[in-house]
Structures are given as C-alpha cells and as structure tokens.
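First to last, the protein sequences are chains A and B.
All the letters of the first sequence, read from the start, carry residue numbers 1 to 443 under full-length UniProt numbering.
All the letters of the second sequence, read from the start, carry residue numbers 1 to 483 under full-length UniProt numbering.
I should point out that these hints are in silico values taken from the structure, not numbers from a laboratory.
Note that the Cβ used here is the ideal one computed from N, Cα and C, for glycine as well.
Treat the hints with care, since some could be wrong.
[Stated by the list, open to error] Example chain B residues on the side facing chain A (calculated, C-beta under 10 angstroms, incomplete): (1) E75; (2) A118; (3) G119; (4) W121; (5) G393; (6) T400; (7) T420; (8) R421; (9) P422; (10) L428.
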Amino acid sequence: MQNHQQINHLKNIVQDILDEAVKQGASAAEAGLSQENGLSVSVRLGDVETIEHHCDQGLGVTVYFGQRKGSASTTDLSVASIKETVGAACSIARYTSEDQYAGLPDKELLATEFPDLDLNHPWDIGVDGAIALAIECEDAARSYHEEISNSEGASIDTHQGIRVMGNTLGFLQGFASSRHSLSCSVLAQRGDSMQRDYWYTVARNARDLESAADVGKKAAERTLRRLQARSLSTRQCPVLYCAEVASGLLGSFIGAISGGNLYRKSSFLLDALNTQVFPEFVRIHERPYLKGALGSSSYDSEGVATQTRDIVSDGILRGYVLSTYSARKLGLRSTGNAGGVHNLTIDPGKLDYQGMLKELGTGLLVTELMGQGVNMVTGDYSRGAAGFWVENGEIQYPVEEITIAGNLKDMLRNIIAVGNDVDYRGNIRTGSILVERMSIAGE
Amino acid sequence: MEILNLARQAILMPAGIQDSDIEKIMSRLLSSPVDAADIYFQSSHFESWVMEGGIIKEGTHNIEQGAGVRAVFGEKTGFAYSDRIELPVLLEAANNVKAIVRQGQEVDRSHCKVSMHAGDWPKHYALHNPLKSLADQQKIDLLHRVENETRKLDSRIEEVIVSLVGVHEHILVARQDGSLVADVRPLVRMNVTVIVEQDGQREQGSMGGGGRCDYNYFIDRDTALGYGREAVRQALVNLEAVEAPAGNMTVVLGSGWPGILLHEAIGHGLEGDFNRKGTSAFSGRVGERVASDLCTVVDDGTLQGRRGSLTIDDEGTPTEKTVLIENGILKGYMQDQLNARLMGVSPTGNGRRESYAHLPMPRMTNTYMLPGRHDPEEIIKSVKKGLYAKNFGGGQVDITSGKFVFSASEAYLIEDGKITRPVKGATLIGNGPEVLTKVSMVGSDLELDSGVGTCGKDGQSVPVGVGQPTLKIDGLTVGGTSV
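When you get a sec, could you build the whole thing from the sequences and use the hints?
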C-alpha cells in the first residue's frame, strides 16, 4: 500500500515534468524517475568494516522539438530544479539537428498490460542482522581450510526502489523492485603462491539466496583450487567456458546484434539475419515475464512492451535487439530492448558440469576472463584467462597468465555443446559452453 | 580563499546551509569517540554533445549534487549520503554513521568550530567553468568542423563520430577539526571514432584527449583536428593488419598511453588499502627490488591541467609527486587518510571517491615512468623478433595473483630490428611483480597520455593519467591467434 502511494506520488511528479516540457514548447517528451534505498554491510576478519546507508534518487528527461532532441538529468527533485532540468533539455534541443529517426516510440508498441512480476521483496534484515549473516559467511570461508590465509571480507547489499516512467503519448507506469546479494572473497596461500577468489548470490527475494555458509564455502573452494597455478605453452585446443564466464560470450553476441552497432555498421554480424550463426541445436530466447527474475520487465526503458521471443532457433538468427531509434534507422520495428535484453536464455543441453568436462576431453576449462579484448567490428577476440587444464575429462592443474583468442564468428558457429549447469544469477542465463578450438598463448 | 568562497556559493548557499549547521552535524558525528569524521559536499555539472552520421544527434546536461557523511573508528567506517543537502537529513545521516562505534559512551566534543582553511597550496588547474568557455553554438561549430575535416581525409571513411564532454565540479570537505577545504575542478574530453571500409572489410580507429582545462584546449594548437587525423590513421593501419602472433616474446611498448602497463601491472598493487590488508602481490615488499634498475615510477597529482591531477584529493589532502619505485626498488604506497593512519605513514593525497555517494579509497592520479637514456629507434633496432605495441585499449589486474592484462589496439611485428607488418589487436598478459624486472631498455622519450583514462575500482570510476617512455620488455605473453 505504501509502495502504491509512493508510485502514485512519483507518477504525479513525472506527469508534472511532462506538462512542464510541453509548457516550455516541446512537441513530445519522456521522463523517468527513480528512488532507491539500501544498506551495505561489509565485515572482514570477523569484524565490521563498513556500514553504508544508501539513498539515491534521479530524474531524467528527454524532450523533442519536432525531430530535434535534448536530454537532461538531475539528482535534485525540488520544484525549481525540475523546472531548470526541463529547461536545460529544451535548450539543448535548440542545438541538436533534425533527425528523421528521432522521437517517441510508436504508440501501438507501448505496453498495455502490466502483470505483477513479483519483483519486490524488501528484506528487513537490519544492520545487526546483516552483520551477523556476513560474519557467518566469512567464518564459513575462513574455517574451511588452513590454507585460507586472509580475507577481503563478506558483504551484504540490500536495495529496494521504485521506478516510474512516462511520455506524452499517455504512457505512465511505475513499479517497485528489490535486489539483495551476499558475497565473500578470501585469499589462500601455499608457498609463494597467493590467490584470491569469490562467490556471490543475488536474488530479488532474500528467501532465494544461497545460504551464508554455502557462499563462504564456495568462495574458499574456488580460491584453494587456484593455488600454484601455472601457465601453458602456446597451443590450440578446445575451450570450455564455465557458466559464469559463458554469459560474457553470449553478451558479446548480443552486442553484435544490437541496433546501435548494426546501424553504425560496427558489428561482425551485419546482415546475419536469417542466417546460420550458431550450430543447429542452439536456441536463444528472451523471457521478460518470468516471475521474480532479475531481468524481468513488462516494458523497456521507452515503455515499449517486451516480448517473449526466440532470438536464435535452429542456430539461425531470427531477430535483432532494437530500441525505437535503432529500429527506425534500420527500417524495422522496436523489439522492446531499449536498455537491453530481458532474461536472455540459451536452452540447456543434456550434459551437466561433469559431463561437459568429459565432452571437453583434453583442453582448457576457463573460469575467469580478464580485460576487454573484443573487437565488435571484426569479431576478433583476445582475452586474458585463468582456469584449469583438463585431460580425458579430469581436471589436472590450475592455469593462469594465458590468453585465449579467436574470432567470435567462428567461436559461436563452432560451439559443440551447452551444459545444463545453468547460472541463474544474471540477466543472461546459460550453462557452460564448449567451443571447438581456440588459440592459447602462454609461456 | 577564493576557491572556498566559490564552493560555498555553489553548494552551501543554494541549500541554505550555514557554518553553524556544519558545526551541528560534525558535533553529532563527534559525540561518539570516532577516530575521524568528514562531510563531503559536491555539486557537479556535466554536459555532453555527440555528432554522428553528419548531424548533432545527442546533447545532455546533468546535475549531480549531494553530501556524504563518514565516521571512522579503527578499521571501521560508517557512511551515509543524500542528494538532499538539508540539515535534518544530514543530522540523521550523522546519527546513522556514528553508530559504527558500538562501545564507549557519548563524549562531549560539541565544541566543533568551523574554520576556513586558507588553502594556500599550489593550484594545478584554473578556476574557469569549462561549460561556459565556449558558447553552445561554438561547441556545435567545433563538432561540425572536426567531423567535416576528418571525413575529408580519406575516401574509405564510412562513419565519423565526434563527442565532446565537459564537467564543472565544486567540492567542499568539512573535516573533524572543523576546517573547511574546497576545490573547483574542470574536466573536458573530446573523442573521435572513425569506421573505414575497404573491399567489404571494416575497421575502427579512435583517438581522444583532454584534461583539467576548458574547451579552448581543443581549438588551440589544432588539437581536435589532430584527434581526427590520428583516428583515421589507426583505422587504416588496422585494415592492413594480419593475425597477431601468440606466445611469449620481446615486446616494445610505445610512449604515452601504453603506460597503462604501469597502472595495471604495479599501480593498483601499490594502493594502500590492499597493502594494509596484505592482499596485494606487493604487500610487505617496500625496500625490495620489483623492477630493473632502469625503472623509476611516480604517481603525480600535481601536473598542471592533466586529467588525473588534483589540487587536493577528496579528503582535502594536497596531492604530491609520490615515488613508487626508484631505480627498481619499491619505495612506498599510495595512501588515503584511513590507510595511512592504520599503517603509520603519511597520507599521499591519493584519497579519491567517484562522488558524494561513494567512500574514498586510495586511487592513482597520473602514474608514469621517468625517461631513460635510449633513443627509441635504437630500442627497436635491438630486437630481432618481437612485437611493437603502439596503442592500447583498456586493462585489468588481479592484485593478489599479480596477473594483469592490457589490450593492444595498434601493434606491429618487429623483424630484424625493423618495424614490419601491422597485426590485429591482441591482449598482453603478464605478472605485475615480475614484468618490470624484465625491462631492459628505457627510452628518452617520456610522454604522457592525451587525457582519456578512466580507472575503475570497487565499482567507482575516477579520471586518471598514465605515461611512459618507449620500453623494451624481454618477454611478455602476446595473445594473438597465430600459433
């Protein structure tokens, strides 16, 4: 009820902003407003390190004078500041050029149904409760093994907030959501080798978080297994991306089929629509209406309805990822992806993690990637990596200080298998992904 | 005093905050036996303009303002912030954060008295508002001119994207002794990206720069048009690039922005917080050799008008030129106040925060290596087979294992002492505590980067600078595809 009132209050402010924009001469306008509260508590070596109280708010407004556009934002929501911010956006629109593709979304694409997606579960843990839970988590990591030598600590973050957006086509919607996480990072030492790793859990409902003890234990296990890592000699071999890093591979794919890169012709997947991009068994789809998921939303950041849809089926690219502007530049319609994709999911295969290692046979299991190293224009890919050398499906030893390289076009086309060891912690949901062959550079 | 008055006018006066209000908030913070406390006020104005496809496509104006209240007790920190600079809000924030001190009784330190700090330290940039240094129409004209001139450079150019960004920021720090210090910080940046096409193959080139100055920087000395020429040159070189080699080899790094090597390989590992906690590969190694004796590396926040420079850091400590490595020996760490106090050393003016909504921590300013005695050509000549890496994108480091990466965006093979074919971009990976021990030649051509660096740590971004002379490293792993 309180949320409901607050959403209505913010809707009124957004409507006032839109009215102000029209009053200042704008032919169309769009505004978004967010308010968020949160608590972050971190502990280290069994004692409190930081307690942070978060309280954020922000307003963004975009105005159109015909085909000219201006935008402005502020953290100050006073009446005077709102007026000034709208004024700043209008003043900018005097200098931007006529752009025939600029403007609000097509009215018929705006969302009209707003199911409850079960996104708001505030966590009333309190400072003391959060400290206790974080200490329990860190203790579980530190007491796991004698080689756990130091800690970067454990932390709890809990946030809840409200987002409201509206435009002069009559769209005015808001919703409340929450997000909670627990993370832990520890160090291990054996001889001269010092390593650090971490684990985290995140959910909209605290009930869905992994237990503090499990998070601590996994952080410790992940750290210990890296000890005494070595480099590899330079070679070519198959590479298994574990689920946590496989999402980055799909992220690069999404970048290449995103409108902004397509209309700028800075994508390695230009004109790839309806062509074979992945092997035939691959299906990748968007699931915006999943209850309680991290990437769920019934509309995108422009108010356009999101779609449950296949982006790839039978390995063939079926659709792009478009906002209103990029769609118009390409002569297409928005796909409801202003602001990104929603619970992007690659269908899991039959193999679990152990099965995927067997499928890899002899090659590299990558568990960490470093640096950017992706050229979106050409698909050239070269990144720092750490992980494990695997022989006959069995992990042999940890490796580090190597790079893996290839071209994304080939890498996507040459995926051999997708595991069912899905990582649900992000907006991209994938199991581990096995790529047939990449170049490894090392000592 | 002028700076302090400007900051008060920009932040406190519009909010109606008086000195007596600051005294109240600070007294509230100090009513628990905290070791340190501060209130950080900030007001930032940011604008950006983007030209693309031959038109001025985007313009934005952002205002960010607020205050962060912090109390420190031992290794513990309590922190709260608000974008509402109002007395009741900040008093409540003070109540929340002083709860970090759980034991001990209330103490009477209600005598906090605000005093103006003269701020008679040297200033490393001018007070102008960069956003007003050109009229809006002049900014538009500048973008058009850069776009037009760049497009004319080559018929293979498909797209030119030019962006212009400016920030005018006032900060004011109230410290536990009641002293108020302030800074007014300009920051500008321009970037030109071009996409070229030849026989169906596309490539990209990008160049930009700026600093703590105003927009006239881009007009004077032809700077902006120079970015366009450089972006085109890089894109065209990349059209000719062949597969990069894979494996361990001798690498010659160019001068300037390749200094991101220092930032990643050793800079982060020498930040005070990691070393106090013993989590860095450099922990406890002051006095030890961590580089060849050709290497002297400093972090210097005092350079005039550079992107990474600060007159005072975000805790009010004047910045310094801090020697990190001298002739190969590790000399010291970069410190903020908390870590300096806990390690029993002096702060070095490296306490930085992204904004009032973030806690300060030790961060770099401008990190660079001093010049050596070799002619850069002589360095290339000395390499039988290797890689010459001239330009880089970003980098990353794991401070515990010491492993770092940085990605070359323009590189060439060196064969028999000559630069030959350009190769595709590739990531280079190495071990921080080891890489500088393999530096066998240092050029005389120290150059600082053009002013494009942004460093991320714990989710906080701050502008930084890097620099170095041409360097020869006897063995670094190059992540190409040509095995």
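Notebook entry, point to check: Looking back at the numbered hints, which does the structure fail to meet, lowest number first?
Noted result: Of the numbered hints given earlier, those the structure breaks are 2, 3, 4, 7, 8, 9, listed in rising order.
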